[in-house]
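Generate the whole structure from the sequences, applying the supplied hints.
Residues per chain, in single letters:
Protein chains: 4
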Amino acid sequence: MIKVGIAGYGVIGQRLADGVALQKDMELVGIADIAPTLSIRALAERGMPYDLYLVDGADKEAFDKLGIKTAGSFDDLVSKVDVMLDSAPGGVGIKNKEVYKAKGVKAVFQGGEKDEVADVFFHGYANYDAGVDQQFLKLTSCNTTGLIRAVDCLDKLVGLDRVAITIVRRVADPGDYHRGLTNALLVDKAPSHQAVDLMSIMPHIEATGILVHTPVTHGHFITVVANGKEKITKEMAIKAFKDHDRIRVVRLEDGFLGNASLFRYGRDLGRPHGDLYEIAIWEDTIVETGDGIMFGLHIPQESVTIPETIDAIRAAAGMQKDGKEGVAETNKYLNLPSWKK
Amino acid sequence: MIKVGIAGYGVIGQRLADGVALQKDMELVGIADIAPTLSIRALAERGMPYDLYLVDGADKEAFDKLGIKTAGSFDDLVSKVDVMLDSAPGGVGIKNKEVYKAKGVKAVFQGGEKDEVADVFFHGYANYDAGVDQQFLKLTSCNTTGLIRAVDCLDKLVGLDRVAITIVRRVADPGDYHRGLTNALLVDKAPSHQAVDLMSIMPHIEATGILVHTPVTHGHFITVVANGKEKITKEMAIKAFKDHDRIRVVRLEDGFLGNASLFRYGRDLGRPHGDLYEIAIWEDTIVETGDGIMFGLHIPQESVTIPETIDAIRAAAGMQKDGKEGVAETNKYLNLPSWKK
Amino acid sequence: MIKVGIAGYGVIGQRLADGVALQKDMELVGIADIAPTLSIRALAERGMPYDLYLVDGADKEAFDKLGIKTAGSFDDLVSKVDVMLDSAPGGVGIKNKEVYKAKGVKAVFQGGEKDEVADVFFHGYANYDAGVDQQFLKLTSCNTTGLIRAVDCLDKLVGLDRVAITIVRRVADPGDYHRGLTNALLVDKAPSHQAVDLMSIMPHIEATGILVHTPVTHGHFITVVANGKEKITKEMAIKAFKDHDRIRVVRLEDGFLGNASLFRYGRDLGRPHGDLYEIAIWEDTIVETGDGIMFGLHIPQESVTIPETIDAIRAAAGMQKDGKEGVAETNKYLNLPSWKK
Amino acid sequence: MIKVGIAGYGVIGQRLADGVALQKDMELVGIADIAPTLSIRALAERGMPYDLYLVDGADKEAFDKLGIKTAGSFDDLVSKVDVMLDSAPGGVGIKNKEVYKAKGVKAVFQGGEKDEVADVFFHGYANYDAGVDQQFLKLTSCNTTGLIRAVDCLDKLVGLDRVAITIVRRVADPGDYHRGLTNALLVDKAPSHQAVDLMSIMPHIEATGILVHTPVTHGHFITVVANGKEKITKEMAIKAFKDHDRIRVVRLEDGFLGNASLFRYGRDLGRPHGDLYEIAIWEDTIVETGDGIMFGLHIPQESVTIPETIDAIRAAAGMQKDGKEGVAETNKYLNLPSWKK
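Chains as they are written, first to last, in the working numbering: chain L, 9 to 349; chain V, 9 to 349; chain W, 9 to 349; chain R, 9 to 349.
Since the hints were made in silico from the structure, they are not lab data.
Watch out, some of these pointers could steer you wrong.
Chain copies aren't distinguished; within one or between two, either way the pair holds.
Straight line, CA to CA, 30 Å or less: simulated DSSO-like cross-link-like pairs of lysine-lysine [unchecked claim]: (1) K73 - K103; (2) K239 - K164; (3) K247 - K77; (4) K250 - K237; (5) K11 - K242; (6) K88 - K332; (7) K77 - K250; (8) K73 - K242; (9) K11 - K103; (10) K197 - K68; (11) K250 - K332; (12) K88 - K109; (13) K250 - K68; (14) K247 - K197; (15) K340 - K77.
Structure, rendered in structure tokens:
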């Protein structure tokens, strides 16, 4: 059993914990955080299903006063695990890395951390091999992770030359107040970093894109114009997307009218936190353009990187040396393909 | 075991089903709906934990094609139960009532249905007695139900003469597209129906209020100015609210910054759909005004009426003749007081 | 002096009135409407700078009671003019057309009216010739009108083969309550009608696109991926856009951070209603993709069609037979190129 | 002719400039700012109707490069005027005060500046006398300024004892990106500072209140529960509000459905920037509660303080020693009462 710890129990950290807890070949040793945040308070109200370790600078008394049991220090946690998932705020992970190094522990960082923290940018489907037996991996951001699923899917189908993406970015998560936007679309300098990051994972593709922030909290929407080495028809694209375990093909006529439908659907499914792990592609948006194809997809920003992060544990720890086997195990424990039957 | 059925499996119907399923002294016989909506699709993807009955006019073939098993007709469902919870769209419940009458079944309607559908307006805390052994009960709306919890709590404390409320209404539920509002506050004619409805449950109080719609999806915010027969201090109010099982007293400094924090907290707690059943009152908003008191509260509109609806089953079916006992049973099975210890 | 009347004094009608009033070679005879709407009340409060005619079914007494002077019937207005601008609600224009026919008057319809209302789809820059001396013209929608400015500009530069657009549509105008959207992105079936409409004006280009509605009120944002007969560099595109009278090239570093900056800038400029007639293209969004170019543009939906509608008067009435001369006159009176010096 | 200068040409500064320019007994000498912001660029595009002075630290070259003419330094401006209106960002005004002191110039500060900057908190209607011949005045915030109009109006009618307010605050101005809020209501610690500030102007009234931030940009909405020394009927309140020059009484049935209607109406009126100077009170929201009265009002946050700021010039400079005369002059030049006839 591979032992896993989690640093930073925020939006992503909570979901990593729940995802790892579902993997029957992994043991979640515990999570580490610094303050009795709402997430920690919710964990306590749930009866502390995961052990809590305190990072340096944490005010233990504050936890004691609330009756929240702690299991030791950050060092204690790192000493007990094989792999740390680091979802601490950007800039903290790079400091934590020194602890991981000292203890000889492997670590997987989230997209918000500085690039230099890792030996390799990782994506379960697109470059699993590159992560096998490596010590420090870094996921791409939520947008890039989800986007690559779709791009890699078409790339495996016909070989892609070029993609041009438009990212309609949700500006805040549900529960955020500090980074909101009110009645405005905010434009970023192009090319968007997601297009640039895609090329770090898939260097054979020329990618560019424009990003605009929108005042919503439920999921990014991305349009992709993809040009391949041969013509891609709408039918080919639909079939390839439907065959992918981490892509849902949805339709307007079924009630999936936009990103809020998917958010609601995840809650109605009863998954932890109401999360979807899959991106969704609207069948109704797929159109041919020249020999290429254009389509629109949904990224559930809070949870989309969970499967690929678990893939990264498998790769880094050498649990499965082959990518197909690795992602299949992750999918099985997250119960991903079941909905398709 | 009291047998319960649910008509209409939408936002409220789903939550009623989950809430009834938790009551160990009730049996959820099944739910009824007309079309393979997203809610029904999610139920199917969950493996059909509840039996599905089809109402008149349903296209059974559409369900068959999707492989969704059905258990019979609406009539079949009504024939098998003691109490129906009717959360069908407004106007449908009053037609369903004819079926309930014909079968001699009791029914509890939601706030959206016409008033004349019921013998009595019901609120678990404020007028349980009025519902005991009655055939047709109607809940107040989500706003009124939550509001009455707080008003009744102070009324039991000192006796209230008068309340003036301001409702900052969330305009749509997560997943809605058809009744949105963009960058606008929409004003209603005063007095708001919630103030008027409150008086139907608590006729000894003079209530009035103003309602303004706001473009958010997470919970109504209400301010209450309450004048009592004697002075209410801030300390008295806090204590009374803290002692109430369906009220959470929250604080800004703990991270409950607004309605989105409560929505997020519900998801983090892992309750079904991420729901909260409790209203929340911000300790930081409680201020004295003259001899009265002013405070601000949060209504989780999707789930707040679930406990009182279950209370209504208990009253109508005579499971508990005493209100305190009735609500205590509901609270126990919904696991409501646990968070306070 | 060409005499002009306006049917329908709503968001567009008001702006047409103000735009026509600025044209020194046209006379605005009056406007027609049916009820004392807010727009009409504002006109009255301004002292009735334009004469008001009442359409059939209007309640003259309601106007009288408010002290709003009227100048006659819709028929009276049509009898006095050479060209009617019809900005009545969709479906009304096609009935009004019978009156125009009977009186032998020319008419220009807005994009919301049914296509069959007109002999020709019109765009001042892209197909002025087609409208010369025609009786019934129809503008394209606000999105399409603005989009074609940019596409036509590049088409004149190198000849375009293909465009793929992503429309991030503002869902409501400031002042709207009935078609809002709250915390949701709503997806449309592709291809978007704007791409299809573009081909009706520019049939030599293959156009497709995806549209997503966003909860904002200030301006649509569109990304365009354009492929030409020869390579388009970023510099070529910037120069061509800067040379266009109805395109502003803006930059993030100058403070144009998104669509709300442009809305504010229009108000600060002191134009009527705070309107911008120009689309804006962010220099920072222009990126090369293959031999093509990608860029992002802003459409001020309330006012963007005003210049092309005035062009349409010039074409239909034969005031200028040549497109370049026609649009130059419109631009001069709207004071469009001045800001560039 | 009283000579006036303006420090800080942002949202408020622009409107002060336009408001002062309309006063026939004042001369606007010029405005001062530090950088070529969008507001300054718009001023330049308008042809520099006001002279621009540069504050210390301004990069004159940046202005020169854009061809924007400047007229001198901040010191130069202060030297030429009798009264400065200081609408610089909070914290800057208190430094500017040293310059005003040194030059013996009077100054009126906006609500965002620290309280200690001024000798007196000023409100044209409620305490004009306190400002007469004073050197340093400070306006209350936009919310408080508008609120006091309504409260003072009732106070003059029957004498008020107590008010309890609920502020539904718009969170950002049109054009803001940095302080937005997305799908969330953010709660403030009570009592709101607006209630506290009201008492600084009207110390004989006990005021308290709760404030909640909402994701809209057009105008605050406030409900007021007011208790007087004698009963206030709905009719009395309507009459008093209608008689006030800076209050509009509006109705839902006339099309004023919410705050966005008023924003749109201001634009349709053709006032500078599309601004309203008046607050609006919905006749439909006025309800009696006990012997008191409850009502809802709209605050146009960008422009509401302009009239009272101009009153403050009149008071400080001793142009009119009597409040009624002072505000009447301001109203006349702003053309305020005209709409009522």
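_In rising order, the numbers of the hints this structure does not comply with_ = 5
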